[in-house]
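Peer 1: Line by line, the protein sequences are chains E and G.
The numbers in our numbering rise by one with no breaks, and the one at position 276 of the first sequence is 293.
The numbers in our numbering rise by one with no breaks, and the one at position 59 of the second sequence is 76.
Incorrect hints may appear among the rest.
If several chains are the same, the list does not tell them apart, and a pair holds so long as it fits within one copy or across any two.
Straight-line Cα separation of at most 30 Å, BS3-like style, residue types lysine-lysine; simulated pairs [as the list claims (entries may be wrong)]: (1) K97 with K69; (2) K316 with K138; (3) K243 with K175; (4) K97 with K317; (5) K90 with K316.
Just so you know, the hints here were simulated from the structure itself, not pulled from any lab data.
Protein chains: 2
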Amino acid sequence: MPFKLIKKSSQSSSRLGQLITLHGRIDTPFFMPIATKGAVKTLSANDLGILKSQIVLANTYHLWQRPGLNVIKKAGGLHKFMNWSGPILTDSGGYQVFSLARSRKIIENGVQFTSDIDGQKHLLTPQKAIEIQRVLGSDIIMSLDECTPYPCTKKYAKESLKLTTRWAKQGLEYYHVKKIKGQLIFGIIQGSVYPDLRQQSMSELTSLNFDGYALGGLAVGEPPSKMYQVLKSITPLMPAGKPRYLMGVGKPEQIVEAVKKGIDMFDCVIPTRNARHGLLYIMKNKKLKGKFYQELRIKKSVFTGDIRPLDSRCHCQTCQNYSRAYLRHLFMVNDPLGLRLATIHNLSFYLNLMKTVRQAIKTGIL
Amino acid sequence: MPFKLIKKSSQSSSRLGQLITLHGRIDTPFFMPIATKGAVKTLSANDLGILKSQIVLANTYHLWQRPGLNVIKKAGGLHKFMNWSGPILTDSGGYQVFSLARSRKIIENGVQFTSDIDGQKHLLTPQKAIEIQRVLGSDIIMSLDECTPYPCTKKYAKESLKLTTRWAKQGLEYYHVKKIKGQLIFGIIQGSVYPDLRQQSMSELTSLNFDGYALGGLAVGEPPSKMYQVLKSITPLMPAGKPRYLMGVGKPEQIVEAVKKGIDMFDCVIPTRNARHGLLYIMKNKKLKGKFYQELRIKKSVFTGDIRPLDSRCHCQTCQNYSRAYLRHLFMVNDPLGLRLATIHNLSFYLNLMKTVRQAIKTGIL
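Work out the full structure, taking the sequences as your base and the hints as a guide.
Peer 2: Below is the structure:
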């Protein structure tokens with residue numbers, strides 16, 4: 018079994034565990050920095066190593082389109098291409114086809130679209146999504162799904178989740194026919210904000226026996242309270258022995274809340290994208306109560322002469338070596354070094370948040 | 018004496034030496050990466066350390082305007098501000114006032130200009146230029162000069178060099194009055210492409226007894242042959258016991274040629290700016306004969322699937338960890354990591370070129 022449950026909290030649904038992948042063991046709950054196109058923007062693999070990132074997330078659609086599978090195959094897989102020796106999870110590409118490609122259209126056997134890169138027509142089938150991820154060498158492969166938007170009628174959500182189930186089955190069949198070994202495969206539960214549809218989707222997918230289950234179609238614009246309701250209704254019914262992945266979440270307090278509702282895995286652009294916009298996170302309260310962190314907008318003029326580190330208790334390369342004044346200066350003069358130093362700090366914040374979360378579960382305070 | 022001449026070549030005017038600064042000893046001839054605004058664009062001080070850069074060059078005008086002297090003073094000087102513990106040379110700001118500021122006007126006691134940052138009127142005097150560099154904590158302070166453009170009439174060049182001499186004298190007086198210790202101060206020889214004017218400027222400046230002498234007003238658009246003529250006529254007359262700095266030069270073959278004509282110090286945006294445009298340097302012939310290097314435009318489609326390092330014999334972080342295909346991919350998807358990896362490689366090329374040059378002088382082949 019790739020997932021080992023180590024502890025269940027007595028005061029919430031939070032869990033401590035380990036996930037074994039081809040490229041190493043990951044302590045859960047964990048957060049995955051986003052390396053959409055084969056790099057966490059501005060960071061080298063060495064930077065990620067110094068940050069002790071346990072895993073990164075890359076994108077099937079983007080890498081398939083550019084540089085293309087032939088290049089990555091020639092490089093010996095995505096790990097070698099990007100010089101990253103830790104685990105990689107790849108999403109299926111479905112979400113990106115919808116958000117980025119032109120004239121996309123769902124048909125029974127996949128998604129037709131016109132690429133924004135080469136202008137050519139492509140068809141992403143459930144089998145193709147698995148095949149691409151097989152070639153990339155992903156440690157965790159995601160099934161092709163339709164990510165429903167918010168709001169979404171119940172009728173549409175129901176039809177859509179059934180399509181996602183059919184695709185999940187077809188993809189898994191391909192995975193078994195190709196005798197893919199070691200690379201884990203996860204199914205994606207849909208059903209929008211409707212608890213009964215979420216349960217239907219989950220029970221259809223769990224009968225297929227994936228290595229883990231993701232919750233998709235959340236964090237797509239719905240109020241957080243709706244998301245928490247879905248989590249509350251669905252996680253108690255999810256298999257306890259399999260990892261649970263809440264896709265695209267989220268803000269620090271949302272991650273803590275979702276952990277308390279039984280989630281083990283997260284990914285989000287927030288720390289890295291916000292870093293590039295000069296929005297930085299400072300930990301205030303390691304007990305994770307209330308508003309336990311502070312947001313700092315480094316471009317504000319108040320930081321012009323502030324020679325303190327971003328966070329004097331932070332051990333990241335940025336806080337150990339540079340002041341707020343220097344970081345602000347780099348942003349004001351548009352030096353990409355500023356983006357990198359900010360990204361390093363925010364990822365350090367998120368990765369340490371997860372460490373704090375794991376410690377809190379271990380000591381029984383979460 | 019801060020400069021120690023170790024060897025003079027028997028077959029050219031090239032020299033081997035050491036320059037002692039407050040922040041360390043520098044082997045000459047050497048190249049200074051450009052950290053205009055307090056950072057070599059895209060690189061951290063740690064990156065510069067890994068590259069074994071002996072020194073960096075920062076800009077008086079830019080740092081004065083932004084973040085301003087108060088901030089740098091508060092940080093404890095430019096070294097602490099940018100977290101760089103090696104030597105720093107700062108140019109005087111004169112060149113930038115001319116090329117960047119609005120409504121600039123030379124008057125007898127300095128340059129009046131409207132700042133492109135705050136829209137305010139400022140006056141940069143010879144004394145002010147020294148004072149700014151004193152506060153920055155520069156290891157090598159440059160005198161305020163007027164950098165004449167190319168072409169330039171002999172009449173203008175003559176009047177201008179006399180002004181540069183008056184400014185040099187005033188700046189040096191300020192330096193002595195302020196009892197500045199340890200920070201070296203260099204004079205800048207002007208005189209455009211006129212050998213007699215260059216000699217006049219040099220003899221006026223050497224009588225003032227600076228720690229070193231720069232040749233300014235070259236590499237401003239004149240044909241390289243004209244620049245070499247000036248070097249050939251002037252370097253034999255320059256004091257042998259003082260370092261000689263050719264400002265703003267240049268291409269690899271120009272640096273080698275200038276070393277052979279007796280120059281010890283160089284700075285240029287070429288390696289870093291070209292890196293950011295995807296133009297990379299590959300060493301072909303360590304004997305430095307003929308076209309001893311190759312230029313590689315990484316964005317060309319021929320590199321799409323080229324999984325070799327940029328230069329298999331290069332020891333830089335980029336060549337040790339990444340392929341041409343990955344670097345091209347980063348450029349195609351506009352990831353700033355590409356700019357950083359390219360900058361690291363090109364600076365490694367330039368710094369190793371200087372190492373090769375020093376070795377060639379040592380072994381008597383240059």
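Peer 1: Quick one: which hint numbers does this structure break? Sort them smallest to largest.
Peer 2: none
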